[in-house]
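Between the sequences and the hints, there should be enough to build the whole structure, so can you do that?
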Amino acid sequence: MYVALVCPYDLRRPGGVRSHIVGLGGALTERGHRVDVIAPSATERIDSLDVIECGRSRGITFGGTQIDLTWAEWSRVATVTARGYDVMHFHTIWNPLVPFQLAAGFRGPKVATFHDVPGRATPRLAAAMMGPMSELLRRLWLRRVIAVSPAVGSYLSDGRYQVIPNGITVPAPLPAEGERRGLLYVGRLEPRKDVATLLRAVALLGDAAPPLTIAGDGYLRPDLERLAGSLGLRKVTFMGEVNETDKWRLLRDAAVLIAPSITGESFGIVLLEALAAGAIPIAADNPGYRDVLRDRRDDLLYRAGDAEALAQRIRAVMASDALRQSLRAWGDATWPAYDWRQLAVQVERVYRDAIGSEQEHSAPG
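Mapping of the sequence shown onto the numbering used here: position 329 corresponds to residue 329, and the numbering continues sequentially without gaps.
Do not take every clue at face value.
[Claimed, not checked] Here are the computed distance ranges between Cβ atoms for each label pair:
no., residue 1, residue 2, range
1, Trp-74, Ser-357, 25 to 31 Å
2, Arg-294, Ser-357, 15 to 21 Å
3, Asp-332, Trp-74, 49 to 55 Å
4, Ser-230, Gln-346, 44 to 50 Å
5, Ala-121, Glu-244, 42 to 48 Å
6, Gly-240, Gly-84, 36 to 42 Å
7, Ser-362, Pro-171, 41 to 47 Å
8, Glu-177, Tyr-219, 30 to 36 Å
9, Ala-121, Gln-346, 30 to 36 Å
10, Arg-124, Gly-84, 41 to 47 Å
11, Arg-83, Arg-12, 19 to 25 Å
12, Gln-312, Arg-349, 39 to 45 Å
To be clear, the hints were calculated from the coordinates, so they are not data collected in a lab.
Predicted model, so just to flag it, every value in this text is computed and none were measured.
Every residue gets a Cβ at the ideal spot worked out from N, C-alpha and C, and that includes glycine.
Here it is in structure tokens:
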């Protein structure tokens, strides 16, 4: 098959949707399919995938995170949609406006993966419209719908979607394992990620606090650096944004990966990456993280926004070799089910169903 994966975001900006597209595209390519990524990005390739530029993006803050508004000339849309794709797979299709343009212009079967869940900062009207909007888009354009987690499926129409989770691609070989002494955060520095609670939790650990590495960037970085200083934290390192190689090296060095997001998480890719790297993930109890860590939630989840609860979780994990060994054994058994090489087979079936549905719909009589 010739597959188009539509990303509404500039590919230079890291995030879960980009990670999903790169992992899925790589796995589909390994299975013999031809894959393009369509995005408002000037880069020509991302990993092994060709990027077809369509539109320009402008970043805005919405619902506690950053999204891109995009628009393409209609002549460019016509050129892209005429490339001969067998199926066009949209990610976060309701992110305006290029996905709408491509969906309207492409005459073949269309599939969409929904990644979003409403968060505390999501405007009430926008949250209320997620269900009706997703159903309207399905009726207008889509042959098949995928949700990355049950949390996302909560606003999709019953019986009209399939849950296929986010996956991970683990490098082979992994970097050498480190001493596993410290804590690690990987992600953007924005309000819903709640890195401030992580810093306060580390301060509560006092002199016994392990070193903390913060890998990521965002407009809150200066405020978080000032907070770390005011809390007297001397063993905190802000690394800024890191590439994939450095991310996996950090995960192999860390004892514990902290994911403190208070809201707006539909899944937890970084939690699975931690498990694959042998680090223990401790996460705020939000729907997306809860689904990934459900079998060990009593050990790994804490009440979102509660610095004392997070500090207690860190103390418990760091103090017990037996607990860490148990959690690592569980992680080793858990993460392979989320390998993109397995999940791509499920997505491929969705594509074939969508193509069959399109053919039935187009048949005369």
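inquiry  = 49 to 55 Å was suggested as the range; check whether the CB atoms of Asp-332 and Trp-74 agree with it.
reply    = With Cβ atoms ~51 Å apart, the hint holds.
Range first: 19 to 25 Å. Now tell me if the beta carbons of Arg-83 and Arg-12 are that far apart. Holds, since Arg-83 and Arg-12 (Cβ atoms, about 23 Å apart) stay within the stated range.
Does the Cβ pair Ser-362, Pro-171 satisfy 41 to 47 Å? holds, 42 Å
Taking 42 to 48 Å as the hint, is the beta-carbon distance of Ala-121 and Glu-244 inside that range?
violated, 29 Å
query: Between Ala-121 and Gln-346, does the beta-carbon spacing fit 30 to 36 Å?
result: holds, 32 Å
Exercise for review: Can you let me know if the beta-carbon spacing of Ser-230 and Gln-346 is within 44 to 50 Å?
Suggested key: holds, 48 Å
Worksheet item: Okay, Arg-124 versus Gly-84 on CB: inside 41 to 47 Å?
Response: Holds - the Cβ-Cβ distance for Arg-124 and Gly-84, about 43 Å, lies within 41 to 47 Å.
Is the hinted range of 15 to 21 Å satisfied by the C-beta distance from Arg-294 to Ser-357?
-> At 33 Å between Cβs, range violated.
36 to 42 Å was suggested as the range; check whether the CB atoms of Gly-240 and Gly-84 agree with it.
Holds: the Cβ-Cβ distance is about 41 Å, inside 36 to 42 Å.
### Query
Between Gln-312 and Arg-349, does the C-beta distance stay in 39 to 45 Å?
Roughly 44 Å apart at Cβ, these two residues keep to the hinted range, so it holds.
- Message: For the hint 25 to 31 Å, verify it against the beta carbon of Trp-74 and that of Ser-357.
- Response: Given a distance of about 27 Å, which is inside 25 to 31 Å, the answer is holds.
request  = Evaluate the given range 30 to 36 Å for the C-beta pair formed by Glu-177 and Tyr-219.
outcome  = Taking Cβ atoms as reference, Glu-177 and Tyr-219 lie about 34 Å apart, which means the hint holds.
Figure legend: structure checked against the earlier numbered hints; hints not met, in rising order: 2 and 5.
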